[in-house]
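Reassemble the complex: the two chains are provided individually, in unrelated frames, and hints are given to aid placement.
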Amino acid sequence: MAEATATFDVRRKGTAGVVDIQGDVTAGSEEVLMNAYESTGDITAVILNFTGLSYMNSGGIGLLVTLLVRARRRSQRLLAYGLSEHYRQIFELTRLDEAIGIHDTEQDALAAAGAA
Amino acid sequence: MTGSNDEQPVAANRDAAHWAKMVSRLKVSEVPEGATNLNVDGRQLTSPIQGFGKMWQKTYVVRLPSERVAPVDLIATWRRDFGEFWPTGNHVYARLTGIEPGDVGLLNMKMPGLKLSTGVMMLYADDESFTLMTPQGHMFAGWITFSAAQQDEATVVQTQVLMRASDPIFELALMMGGHRQEDRFWSQTLGNLAAHFGHPGAAVDTKVVCVDRKRQWSRWRNVWHSSAIRSAIYMLDAPVRGARGLAHRQRTAA
Chain A
1 MAEATATFDV RRKGTAGVVD IQGDVTAGSE EVLMNAYEST GDITAVILNF TGLSYMNSGG
61 IGLLVTLLVR ARRRSQRLLA YGLSEHYRQI FELTRLDEAI GIHDTEQDAL AAAGAA
Chain B
117 MTGSNDEQPV AANRDAAHWA KMVSRLKVSE VPEGATNLNV DGRQLTSPIQ GFGKMWQKTY
177 VVRLPSERVA PVDLIATWRR DFGEFWPTGN HVYARLTGIE PGDVGLLNMK MPGLKLSTGV
237 MMLYADDESF TLMTPQGHMF AGWITFSAAQ QDEATVVQTQ VLMRASDPIF ELALMMGGHR
297 QEDRFWSQTL GNLAAHFGHP GAAVDTKVVC VDRKRQWSRW RNVWHSSAIR SAIYMLDAPV
357 RGARGLAHRQ RTAA
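Which chain is which? The protein sequence lines are A and B, in order.
Each residue of the first sequence is one higher than the one before, counting from 1 in our numbering.
Each residue of the second sequence is one higher than the one before, counting from 117 in our numbering.
Hints are all accurate, no fakes.
Straight-line Cα separation of at most 16 Å, EDC-like style, residue types lysine to aspartate or glutamate; simulated pairs:
hint, chain 1, residue 1, chain 2, residue 2
1, B, 137, A, 92
2, B, 226, B, 298
3, B, 137, A, 85
To give an idea of the interface, some chain B residues facing chain A are shown, with a C-beta separation under 10 Å as derived from the structure:
hint, residue
4, 129
5, 131
6, 134
7, 139
8, 161
Footprint (simulated), chain A over chain B, 3 or more residues, beta carbon under 8 Å:
hint, stretch
9, 162-171
10, 236-249
In short, the hints are calculated from the structure, not lab data.
None of these values were measured; they are calculated from a predicted model.
The beta carbon of each residue, even a glycine, is placed where N, CA and C say it ideally should be.
Bound-form chain B, shown alone (with noise of 0.2 Å):
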C-alpha cells in the first residue's frame, strides 16, 4: 500500500475547473436592479465547522421519468434558472447565463416579517452537480449540493443540505419552526423543478439526519455577522435613509 514519504501526490487535477478560485473573502462586483446587497460584500465563507448548532444532514429526492430529462440537461438547466424554481417571494440574483464556480450571489428571502438579505457562492460545480457555500451571518454555515443521476429508468434528482445554525438565534430560529420552513422550501422548489419538466405532483421525500448534536458554544459571537439582525436593522433605518435621500436631492436641484 501506499504511505511512504517519498511519493508525491498523484492528483492529475482533473476537477480543477469544477472548484471555485480561493478567496478570503466574498467580493460582489454587481448588484442587480432590484436586489439588496446586504451582509455579503467582505464575508469570510462558513462550512459547518464554523457555524454554532447542531450540524444536520438534509436530504430532499424527488424522481422523474427518465425520458423526461437526462441528468445533463437538469442540471444544466437548474443552474441556468436556479431562482426561476424556488417558491415565490424569494429571489436569487446571480448571472443571466447561469451561476459558473466562484460566482456570488445575492440572496433576498421572505421571512416571517422581514425581507433577510444574505448571498452565496458557487463552490463546485460539474455536469452533474452543483454546490452552494455560505458567507457568515447566513441562516447556517455549511453548503448544498444539488445533483442528478440516472438510476434505473429514473432521473434521480436530489438537493442535499449540510448545514449548523450560524449562531444562538437562527438556532432558535430553526427550532421553533424555521427546519420545517426549510424543508417545504426544498420541497416546494423540488416540486417546481419536476413541474417544470413535465411532472408535476412529483412526490418529494426527506431524510433528516443529525450528524452532530453538539453545540459549539465558542462560536455564539457569529451572531456578530447575523443577516437576520442586520436585515432587520437595515429595514427599521430605512425612513433615515429616505429622508437623507430626499433632502440630498433638494440641495441638488436648488
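In isolation and in its complexed conformation, chain A is listed as follows (with noise of 0.2 Å):
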C-alpha cells in the first residue's frame, strides 16, 4: 500500500553483494529491495549496509524476513552492518539476530563471509 522511500544500491565485494540502503525501510520498499537483490548476481552472501538508514516500521522488519527467505533458497548467507543501537535492539527484539550476522563495519561483515 506505501510508497518506497528508500534506495538500494548494490556493489560488489569479491564473492558478496553489499546493498547500501538510504532512507526509510517500509513495506513500500519491496520491490526496490527484491530488484537489488535480484541485481547482485551469482554471490555466496548478502550484506546490507544500514548506515544510511533513517526509519524502519514493522513492514520493514517483514521485509528482512522475506529477503531472508530467497538468501537461504541461494544458499547465501545474509549479514548486516551499521546499524544504530535503537536498531541492532529491534533485530534482537524480533530475534531477526538469530538468523542475519549483524557486524560492526563492512570489513568485518566482509570477513565474516569470507569474501573479504
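Next comes the structure, spelled out in C-alpha cells:
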C-alpha cells in the first residue's frame, strides 16, 4: 500500500554483494529491495549496509524476513552492518539477529562472509 | 555511494517511540476478570524465523469510502477497541485505553472443542499501522500488521499476516482447515470494522502467498510450548482444580 521511500544500491565486494540502504525502509520498499537483490548476481553472501537508514517500521522488518528466505533458497548468507543501537535492539526483539549476522563494520561483515 | 567503515549510522531513531522496548521474555502485569492467563508469562517472542511450518504471507483488504473515515482515525479506533471487531466467541484482554507498543494482550480463542489460551505483544504502532507479534506456543510464529492508507477516494484497510505454524501439530491443523478458519476470522474482523464505519457488507479481498515452501524440521521441538496442548491439559485438569479449591475453602471455613 505504501510507496517506496528508500534506495538500495548494490556494490560487488569479492564474492559478496553489499546493498547500501538509504532512507525509510517500509513495506513499500519491497519491489526496490528485491530488484536490488536480484541484481547482485552470483554471490555467496548479501551484506546489508544500514549506515544510511533513517527509519524502519514493522513492514521493513517483514521485508528482511522475506529477503532472508530468498537468500537461503540460494544458499547465501545474509549479514548486516551499520545498525544504530536502536535498530540492533529491534533486531534482537524480533529475533532477526538469530538469522542475520550483525557486524560493526563492512570489513567485519566481509570477513565473516569469507569475502574479504 | 556509502560503505566506508568510518561512517556512523545516521538513523535519527524517529521511530523509537513506535517500537516496543526490548524484552527477552513476556510478562503479564495484570489478568483482567474472565481472562485465562496461560502460555504467555515467561515466553519468548517468535518471528517467522523461529517457526516450523511453511511461511505464508496473507493479506486481507477492505476499501471504505474516504468520507466515512480517515486512516488515522480508523487506526485509532481499531487500537482502542481492538477485540470488539473480532468474530463472536473470541476474546482479547488488553488495556481498556487501547494497546500500546510493549503491551501484552491475552487471547482466549474459540477452537473446535477447545478454548485456546495464548497472547500477543504489540511490537510496533504508529498513526497508520500497528503490529502484533506472537509468543512461543502460539498457533503461529510471526506477526500481524494492521494498517490503513488513503488511495484515490478510498480508505484502504489491511491486515497482513507473516507466519509459520509454530510446530508440527499446528502445521497439520492449518492444513486440515485452519488456514480457511483463519481467512474467515480476518475477513469477518475487517467486515465488522467496515460495518462499524457505516459500510456493512463491504467485500474483503484475500491474497495468500507461500513465501517459503520448506518446513523447518529443526524446530519440531516447539511443540513443547504448544498452547493447544497446554490449554487442553488445563481444561482436563479443571475438575481437579475445582475439587482442590472446594477442599481449601472448606478447610478455611473450619
